[in-house]
Each structure stands twice: as structure tokens, then as C-alpha cells.
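Protein chains in written order, with our numbering: chain A, 30 to 177; chain B, 67 to 285; chain C, 3 to 363.
If you're looking for bench data, these hints aren't it; they were derived computationally from the structure. Note that the structure is predicted; figures quoted are calculated from it, not measured. A hint or two may mislead.
BS3-like cross-link-like pairs, simulated, lysine-lysine; straight-line CA separation at most 27 angstroms [claimed, not checked]:
| no. | chain 1 | residue 1 | chain 2 | residue 2 |
| --- | --- | --- | --- | --- |
| 1 | B | K135 | B | K260 |
| 2 | C | K247 | B | K232 |
| 3 | B | K232 | C | K281 |
| 4 | C | K226 | B | K232 |
| 5 | B | K232 | C | K250 |
| 6 | C | K346 | B | K105 |
| 7 | B | K105 | C | K226 |
| 8 | C | K151 | B | K260 |
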Amino acid sequence: MKLPGNNLKDIPVKTDNAEEYSVGNIRALQAEIAACLEKLAETGETGIIDLNSLPFAPGEYEQLRQALGQGEVSARIEAIGPSEIIETRYPGVWWVTHYNVEGDIVADLIEISWIPEIMKSQPDDIRTGLELLRAQLDDALINDEVQQ
Amino acid sequence: MDQELFLTWVRSTGLDIAVGIFVLGTLWRLIEIYTLGHKPDLAVPRHRTGASGLHTMFRRSVPPPGMFKRSAISYVGGYIFHIGLAIIVFLSAQHIKLIQGLTGLSWPNLPSQFIDATAVVTLATMLMVLVDRINNPVKRFLSTFADYGAWALTFLPVLTGYLATKHLLLPYTMMLALHILSVELLLVFLPFTKLMHVFTLWVSRWYNGDTNSRKGVPV
Amino acid sequence: MNDHDTLGERLAQQGVSRRAFLKFCTAMASLMALPPGSANAIAEALIKAKRPSVIWLSFQECTGCTESLTRSYSPTLENMIFDMISLDYHHTLQAASGYGAEKSRQDAMENFFGKYLLVVDGSIPLKDNGIYSTIAGRTNLDLLQDVAKGAAAVIAVGTCAAFGGIPNAKPNPTGAVAVSNIIKDKPIINISGCPPIPAVITGVLAHYLTFGSLPELDELGRPKSYYGETIHDRCYRRPFYDQGKFAKSFDDEGARNGWCLFELGCKGPTTHNACATTKWNGGTSFPIESGHGCLGCSEPHFWDAGSFYSALSMPASPLKLATGGAVAGAAVGIGASVANRMKKNAAKSAHETSTIADLEK
């Protein structure tokens, strides 16, 4: 087995074109997304694909970004770190990326649905917010009474 | 014993023992056979063009007149699976690596799809040849346990190798270990069965051609 | 704040919104390699989970597993995991030392007997009564057997604890063995790897804490969700293997084109782990993507399975019997030949014919 030569300078540098290198994941993902979209359109059943579980070749992740593109909606959530949600150029196909406070990805999903779950307001939070609002209204009322 | 240990064993100790017995058996039999010699032929040798040991070595590769019609499958099937075996053993990347590990020699390999196709054809052909041996009454009558055993010893490595590379039947580690084990069994029994023809074929043909050429008969 | 409140209570007290909690559960589902839609089920289970006590024993190890865990790419996630557990004893991470540390361990064992999680990294030496690794004057063997008595489950982190690892490699001078060779009466999860992928360690912890049970295990006790497939099964270079395009040496044309590393000794086909999908350093890369074949570090005896640079089809050790076999074969052949000649000559002298059949008798 030949080992590389002793001189680092002897090793020529070769760059790969990230746009072209592919082992077929993009095509397969697009087919899966199409199948989920059809289910959504016909029966309302939503779908999720976890990108963390896929064996991407180097460069394919960026190719997927380009393939799915950006549509009309982009949203940002700040909850234990930021989360970025975009609707891709295909309505109903959302790309949800959760980051921690350090900026590392903790979950990366393609959601096929009317709207990603994480964007909806949660019943518990709504109740907590309502209590807060009522408390503030009560305070305002008391302040008004005091002033009068 | 767990799969990994078994695989490591067949790749080290098992291979060592099998090659040892193979070399021992082959040298023993070759030496014993070729030192037997033959009675000196005191007659004056006759000469006839086309009659010599060398001629016979190659003439025997072609079926004798009339034999092809009698049993085409023996010749067609035989050639196909022998060539198939040679392609798989000597032109697949994994096997070239093995030979390189043992001898240091290496050469370019064929694409895997080609080897896969060859394996399938070889397996199918070997099955046909076996079926013919069982169905043909004369062949069945002549066949012994050793014949079927030799067939199995040759068939199993091709089958297990194909199953392993295609990830079929058993988990890969076990399938690969069984493949290597089947080859080791082939090595161990080769010198003591008719599979010894691997080494004796050419000399046997030459010998027959030579003795008969002295009598003036091309065989 | 009680150390052992439910997670729901702790999060509410810290002002974490339900949406943030849902994000956390989504991340956990991804981490545990569960279907992404199970975030809600995880949320339901976690909100009621109490923080169990965890005792971490480090034996004959290099601390690489702890390093892997603490070096994990999502510290906030791990912080939340550690929020979910009460790590009552850990040599590298605990602030206490000496008698104080040992007392923490004793207290945890007494208070939560039968319920605490025991995490072990490192192998356990058995030779010479286990004297080759001791903590606070006690052998690892003694400590393990004692602490395991009250454990609900044992998690063996790293190939050393799971299978014996590098200390167990030939000639194994300390008699190192795995946890499962010593503990026979408790459920054991083996998280093998040298080190294991950090996400796998936390994922298994998360699974136990979420569902209160061990995930489904393979025949070597490893969680199937991470170790169910081989590297080869999920390798992005697999198309090149299938086509027979192999790199022949490091840095050659094939290697630069990203071809399969089978000929350079890659043990991907026989190695079960999540490296090909989950990858390392936050999904940056894994050995094959960086151009080096898999070492097989999550399999038992990987150190004794032949050179890391010998392909799987090559011998794992040099052949030693071939020359001996040749000499022996030649000797037997010559011996047989001499015996045959003697028989032939004897027959000749007796004016009898001799045939092959006679010689074979």
C-alpha cells in the first residue's frame, strides 16, 4: 500500500464542485416529498422527514437547499435558542431548523403540512398568557381606582 | 462464539490451518504420483503428425467427435462454470486484495455488476449440471458421494460469496465468515478429492498424449 | 427547587414556554432516532418524569467517553439532559472529591436504592484480584458489584465497558473484562464505540428518562435505533462499492473522487454504529467522509481483528503453517514414494506384477 510522499507540497490540491457531487439523495428526497404532498392535498395527512437520519454526501445538503428553494414565508422563533422556518418554493413544504443558543443545529426537519407544529401557539402558553394579561388588567384597574 | 470472533478466526487461524493442509496435501500427492514413474517403453517410438503430449493437452479441450451431441450440457455447462469461477476468483476486487495480501501481486479488477452477473450465471449453470448428473441414468449410476461432495465444495463458496456481497440471508459478518469458511473447506479437501485435477489436468493430458504418440496414435 | 421535582415543574419554574419545551422534545426525538412525529408523545412522558439519580463509575478507561459526552455539540441540550438527571457521582465532572465525593455516592445509593441509574465507562480488570485499578482503596470489581446491587439498570458507555475494549486486546495483561461479564442480574445497555457518538449516549439516557424503560437492544445489548445498521448500509460511498470503484491507496485518484475505501481496510461492512448518518462533531463528518476507513470501534475485539489497513477479504494475521505444511507434505510424499518403490521392487523380485491398487493397500 502506497503511503503519501514525505513532502506535503508534492500533494496537488484538487477541489470538488459541491454543486455536482451527488449520490442520489436529492432525487430520492424530492420523490418522498412529492408523495407526502399528494397525501396532504388529498387527505390532509401531514408528514415529517428528519434530515438528521439521512446519509448526505458532502455538498448534498446545500444542493437540497437549492432544490427546494425559498417561498413566500420565513419565520424565526426564539425559544431556548433560535429556530428558522421557511416555506420552500413548494407551498406546504416547510423547512424547520432548530438551533441551540450556541448556534448548533439540534433538529432539522422537512414538514409537509398546512403550518409547522412549532409555529402554532400552545394551549398551555395561551392560558399562561391570559393569566398574565388578566393580572395586568387588574393592576391597571387598581391603579385607575387609586388615582381616582 | 460471537460473529466478530468467528470472522476473525476464519481470517487468521482458520486460513492458516486450511492453507497448511492444502499445501501439505498437494505436495504429497504430486510427489507421490509423479515419482511413481512408468515402465520404460522399450519399443521404437513411432511418429505421426498431430500426435504428441502437447497436441493432446489442447485437443482435449474440444469434445471428441460425437460426444457433444450425446451430452452437450457437460461441455457447455462445464466451460461456463469453469470460466465463471476463474472470473470471480481472479478478477473481483476483494479477491485480488486477498491475493495481494498473500503474495504481493495485484492487477486491475472488473466492475462489481459484472462479477455479480457472472456469479448468478455460474450458480445457475452448476445447478443445471447437477440436475443433469442426477437425471441421466448412466451419470447417476456412476456418481459417488465424492462427486456430489466435490460439487458442493465448489458451489458453496460461490453461493455464500454472492449472498455476502449482496447482503442476503444472514447478517453480513456471519455471511462473510461462512464464505471464508466454505473456501477453507474447499482448500482442505481439494488435494484428497477429484478436485486435484486443478494441478494434475495438464500433466495427465500430456502423459496420455505422449504414451499414445509413441504408438503412433493421436489422442 | 427540589432536586427530584418532575421536569414539568422545573421547566415551569424556570419560565420555559410550552413551545420551547416542544422544540426540546423535537430535538430529543431526532436525537433518539425516533420518528419525528413522536415529539408530542415525548412531551407527554417527559412532563411527568421525575429526575432519577445517576451514579457514574469510571474504571479502566481513558476518559474519552466522558470527553465525548461533554464535548457534544449541543451543550444546551446536554444541559437539559443533566437538568433531567441528578448526576450524584462522576469523577471528572463532580466538584466534590475525597471522602465528600464518596459520601455523595453512599447517600444516593441509600436514598434511591433500586431506582438509580448506574453508568459505567472503562473495563474492569480481574487479574490478581483486580488490583490493577482501584478507587479510594477499593478494586473496580468490588465497587461495581456493590453499586450495581441497588441499580435499576446499568449503562455501559464505550467499548471498554461494553466489550472489554483496548485493555482487553491481546495479551490483556490486566485480565480486563466488560460489565456484562460481571453483572448478570441487572438490565444492561451497551453503548459501544471508541468513543461512542455523544448524541447516542445522551439519546439513550433520554430514552430511559422519557419512557422509563430500556430501548430495544440487539444481541450484543446495544440499542437497535443506533446500532441496528452497519456503517456500510448507510454509507454515502456505497454506490461506489456496488460498482467496484475502490481507492487503491491513500490520496490516489480514486480516493480524491470519494470512492469506496474497502481496499484500504474499511471495516464498515461489519461495524454497527450510527456514524454514517448522525456523524461526528455536530454532523460535520465521519471517518470515511474524511477519507479514512472505519476501524470498527463499536464491535467487540476490534483491536484484534487484523490490521486496520487490511481489507476484510485479506488475512487478519500472517500465515505461519504454509511453509511447515510444504515441508511436511514433501516429506510425506517422498516417504510414500520410497515405500511405493520398495513395494514395486519387492514384487519384481518375487516375479509378481504390481498395480496401483496393490500400492494403495
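Status of the hints after comparison with the structure:
1. With a CA separation close to 25 angstroms, the supplied pair B/K135 and B/K260 stays within the 27 angstroms bound.
2. For the hint linking C/K247 to B/K232, the alpha-carbon distance of about 16 angstroms falls within 27 angstroms, and the restraint holds.
3. About 25 angstroms separates the Cα atoms of B/K232 and C/K281, which keeps this hinted pair within 27 angstroms; it holds.
4. For the given pair, C/K226 sits about 22 angstroms from B/K232 by alpha-carbon distance, which is consistent with the 27 angstroms threshold.
5. For the hint pairing B/K232 with C/K250, the CA-to-CA distance comes to about 22 angstroms; that is within 27 angstroms, so the pair holds.
6. Using a Cα cut-off of 27 angstroms, the hinted pair C/K346 and B/K105 holds, with the two alpha carbons roughly 11 angstroms apart.
7. With a C-alpha separation of about 71 angstroms, the suggested pair B/K105 and C/K226 falls outside the 27 angstroms cut-off, and the hint is violated.
8. A threshold of 27 angstroms between alpha carbons decides the hint, and for C/K151 with B/K260 the separation of about 62 angstroms lies outside it, so the pair is violated.
Hints 7 and 8 from the list above are not met by this structure, while the remaining hints are.
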